[in-house]
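Chemist: If you're matching them up, the sequences are chains L and C in order. Quick note: the first sequence uses the numbering used here, first residue 1, plus one each step. Quick note: the second sequence uses the numbering used here, first residue 1, plus one each step.
Keep in mind that the hints were calculated from the coordinates and are not lab data. Careful, some of the hints might be misleading.
The list makes no distinction among identical chains, and a pair is therefore deemed to hold if it is satisfied within one copy or across any two copies.
Stated by the list, open to error - Here are the simulated BS3-like cross-link-like pairs (lysine-lysine), alpha carbons at most 27 Å apart as the crow flies:
1. Lys241 - Lys438
2. Lys438 - Lys240
3. Lys435 - Lys346
4. Lys445 - Lys213
5. Lys422 - Lys435
6. Lys395 - Lys346
7. Lys323 - Lys271
8. Lys93 - Lys162
9. Lys440 - Lys162
10. Lys162 - Lys363
Protein chains: 2
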Amino acid sequence: MLRKRHFRKLPMPRHFVSAMLMRTKISELRGTTTMSAMNAFYAQSGGVTAVINTSACGVIQTARKYPKKIANVYAGRNGIIGALTEDMIDTNKESAATIAALMYTPGGAFGSARYKLKGIDENRAEYERLIEVFKAHDIGYFFYNGGNDSMDTALKVSQISKSMGFPVTCLGVPKTVDNDLPVTDNCPGFGSVAKYVAVSTQEAAMDVLSMAKTSTKVFVLEVMGRHAGWIAAAGGLAGKKPGDAPHIILFPEIPFQQRAFLKRVRECVEKYDYCVIVVSEGAAFANGKFLAEAGTRDAFGHAQLGGVAPVVANMVRENLGYKFHYAIADYLQRSARHIASDVDVKQAYAVGKAAVEFALRGKTAVMPVIKRVSDTPYRWKIESAALGRIANKEKMLPRRYITTDGFGITEAARRYLQPLIKGENYPPYINGLPKVAKLKNRPVKPKTGTQFVV
Amino acid sequence: MLRKRHFRKLPMPRHFVSAMLMRTKISELRGTTTMSAMNAFYAQSGGVTAVINTSACGVIQTARKYPKKIANVYAGRNGIIGALTEDMIDTNKESAATIAALMYTPGGAFGSARYKLKGIDENRAEYERLIEVFKAHDIGYFFYNGGNDSMDTALKVSQISKSMGFPVTCLGVPKTVDNDLPVTDNCPGFGSVAKYVAVSTQEAAMDVLSMAKTSTKVFVLEVMGRHAGWIAAAGGLAGKKPGDAPHIILFPEIPFQQRAFLKRVRECVEKYDYCVIVVSEGAAFANGKFLAEAGTRDAFGHAQLGGVAPVVANMVRENLGYKFHYAIADYLQRSARHIASDVDVKQAYAVGKAAVEFALRGKTAVMPVIKRVSDTPYRWKIESAALGRIANKEKMLPRRYITTDGFGITEAARRYLQPLIKGENYPPYINGLPKVAKLKNRPVKPKTGTQFVV
Chain L
1 MLRKRHFRKL PMPRHFVSAM LMRTKISELR GTTTMSAMNA FYAQSGGVTA
51 VINTSACGVI QTARKYPKKI ANVYAGRNGI IGALTEDMID TNKESAATIA
101 ALMYTPGGAF GSARYKLKGI DENRAEYERL IEVFKAHDIG YFFYNGGNDS
151 MDTALKVSQI SKSMGFPVTC LGVPKTVDND LPVTDNCPGF GSVAKYVAVS
201 TQEAAMDVLS MAKTSTKVFV LEVMGRHAGW IAAAGGLAGK KPGDAPHIIL
251 FPEIPFQQRA FLKRVRECVE KYDYCVIVVS EGAAFANGKF LAEAGTRDAF
301 GHAQLGGVAP VVANMVRENL GYKFHYAIAD YLQRSARHIA SDVDVKQAYA
351 VGKAAVEFAL RGKTAVMPVI KRVSDTPYRW KIESAALGRI ANKEKMLPRR
401 YITTDGFGIT EAARRYLQPL IKGENYPPYI NGLPKVAKLK NRPVKPKTGT
451 QFVV
Chain C
1 MLRKRHFRKL PMPRHFVSAM LMRTKISELR GTTTMSAMNA FYAQSGGVTA
51 VINTSACGVI QTARKYPKKI ANVYAGRNGI IGALTEDMID TNKESAATIA
101 ALMYTPGGAF GSARYKLKGI DENRAEYERL IEVFKAHDIG YFFYNGGNDS
151 MDTALKVSQI SKSMGFPVTC LGVPKTVDND LPVTDNCPGF GSVAKYVAVS
201 TQEAAMDVLS MAKTSTKVFV LEVMGRHAGW IAAAGGLAGK KPGDAPHIIL
251 FPEIPFQQRA FLKRVRECVE KYDYCVIVVS EGAAFANGKF LAEAGTRDAF
301 GHAQLGGVAP VVANMVRENL GYKFHYAIAD YLQRSARHIA SDVDVKQAYA
351 VGKAAVEFAL RGKTAVMPVI KRVSDTPYRW KIESAALGRI ANKEKMLPRR
401 YITTDGFGIT EAARRYLQPL IKGENYPPYI NGLPKVAKLK NRPVKPKTGT
451 QFVV
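Work out the full structure, taking the sequences as your base and the hints as a guide.
Modeler: The structure is reproduced here in structure tokens:
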């Protein structure tokens, strides 16, 4: 009784009242009833994968479980550009069913971008603009779903936001078909492209073998992987015993030697009647020149590749005279949600979920990483790693994963790769085509009153 | 009583005894206990499909149900070449489980061949050799699984075998991804490649759209279809409403006009931010010249194509400057058993089964055809059609299936195509890869004592 009376009679301290008023005002602006919640900003970056939306699903579904802490997840339309131009998507406008459908929707649901923020000294204005937008929209969390360039951006935003007096909790969410992020055992997106490449190699090889007597003897499949041969290596899973396809894998890590290559092709055709070659788009000569350099460069300054398969195939025909065919999987491989790896889908979701959980536990400037607990049975868990350990670093295919002759994968590689393609995770279908999420993608009303041109 | 005594006491007629002896001898030779059964010869021809083995499964499983009529199914190793060279596979050596696994095994389980028998006047020796081998192995049934060239061969063998006094029951079993056989509503093999192309187009288009702001604006997918645009048309199923990808389909049936094409590409990019193009390998100029003619010809004398996608993509870049990517599906599309259409699998099995049943009902020189009973709900049945109506004829995509502007498919085309990609028919998986039949492919002991060089 005493305490109660005392409580009721004591005047409210002035600073408490003003804090209450301020919070009320913020919550009104937010259109929520939650008092202390901040908003989150989620953006997709770089080349999309079959499961990047699965990570988005993990982020948004998890955030929705903590409405007192995260009021809304705003998604960047076309990635980080959406933050710079204050063109954000209000994911609260999407139903639970639509968000759940992100689980099996390929592409980037909110748009992704090949846009790398420059160094702070070169373009401080971009970082200041980001913080301006974050401030205006009460964005206290930044989830950046991308590769090593993106982790660099997330790290810088974390540092700059602090120095600008508006500390933002910055979390990386790993994504890359290239599997080239360090620290994490593997990257979400890779398992599915690996499965696509292994399955396609197996299927096409059976086709070629059955026709080899009178038709195509050499088949070349071109796959992605600019600098790291992880995807090409995955093709090796199609073969289990000597003589099985693929007979030759051309890795970016192994300088291409025409004579040794042609010798092996001839040996294969003479011994097995056919030769299946998986070639990485990044296959290069000893001097570093790509077998097929298009000469154009993307926004990150990387050489844009494509068309190494015909180079290799024509080399075979000109020197050995064998009839050939080639396929270029290109975007089909990274968007092939229809043949996604179940392990990959589960991990893509887990890193999205973990990013939110880490953020709510006060962690910042970290990325959820996949830690392999055991190979057989395959077990994994999620841990966190500092962004500084990940940003701008590429993990190459270790030499011990490549056979001595440079044309195949070792048992160690198989042990690593095999679990990542395990399990099928089929999308639902309507009339023979995969069902996909249909998002409204309604814009968040701009608040800064200023424009920013990227 | 009287009848029984009479039976027991009557002497067996001489001709009956000799017939018994003869049949016993034949059955011993066959290694079977069936008295009046003949053997069957089954061969795969031309480019294989994701479901040609499903038809083989239908033939063999059905034949095994009638051991008193068909003692064994011999399969030609590398198609018809296996008959000419007396290199046949004893399918009775395969377990029921192995034959059942053909249901979901891509490629050609016994080997296929691009080998067309010439006209009788040009090469009578080949036909006489076939009959010699058939005679030596008691082969009374010939099941030829192929396209229109193969139906021509089956028809000729039926005629010549009769004129040579060893009439063979000849059945065609339809197969071609090109869907260009007449009479039948569609061809087994097409539904699955159509599903692959429609699914891949949808997936890749979502990828491209999500990146279009800063990256690729034009994506080109090259698909098969030498003279008929059925496969390219299937890509059109990915789009449902205006603005959906694919925005442009380039059919072999519509002469390519660069100006109209480039105009449409620009309109799409300006209106929808991106442009997805499905191009048939057979796309050609008004003068009949292929957009990408490799200059080489296959065993049937057809121009060997490949590489129209880069031609189209470079045309876009040079004239409009848009960033592009292209994929060449090549063999991946026709071997993609992992994304086979359920309707296709069922039909592929049904034509194999029906071929045996027709043969046992005394029909010859016919092919099971698929007759569409209704579009919605899709219903179909199997009928028989004379080989003469099918041999050497190509069914083109009707003009009414192509929109007036020549770049898309009409509602009539959708009504036709839609049911063919319906349903998923997934193979079983082991460790992340599709399980496939492992055949022994044991040879049948040669009996002619003569060699034949093809």
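Chemist: If a hint holds in the structure, say so; if it doesn't, say that too.
Modeler: Outcome of the hint check:
1. Lys241 - Lys438: Between copies, since 14 Å is at most 27 Å while 44 Å is not.
2. Lys438 - Lys240: between (41 Å within a copy, 13 Å between copies)
3. Lys435 - Lys346: Both: 19 Å inside a copy, 23 Å across copies.
4. Lys445 - Lys213: So lysine 445 and lysine 213 pass the 27 Å test across copies only (21 Å; inside, 65 Å).
5. Lys422 - Lys435: both (22 Å within a copy, 13 Å between copies)
6. Lys395 - Lys346: within (22 Å within a copy, 46 Å between copies)
7. Lys323 - Lys271: So lysine 323 and lysine 271 pass the 27 Å test inside one copy only (16 Å; across, 43 Å).
8. Lys93 - Lys162: neither (30 Å within a copy, 74 Å between copies)
9. Lys440 - Lys162: Neither: 34 Å inside a chain and 69 Å across chains, both beyond 27 Å.
10. Lys162 - Lys363: Only inside one copy: lysine 162 and lysine 363 sit 14 Å apart there, 84 Å across copies, limit 27 Å.
Hints 8, 9, counting from the list given before, are not met by this structure.
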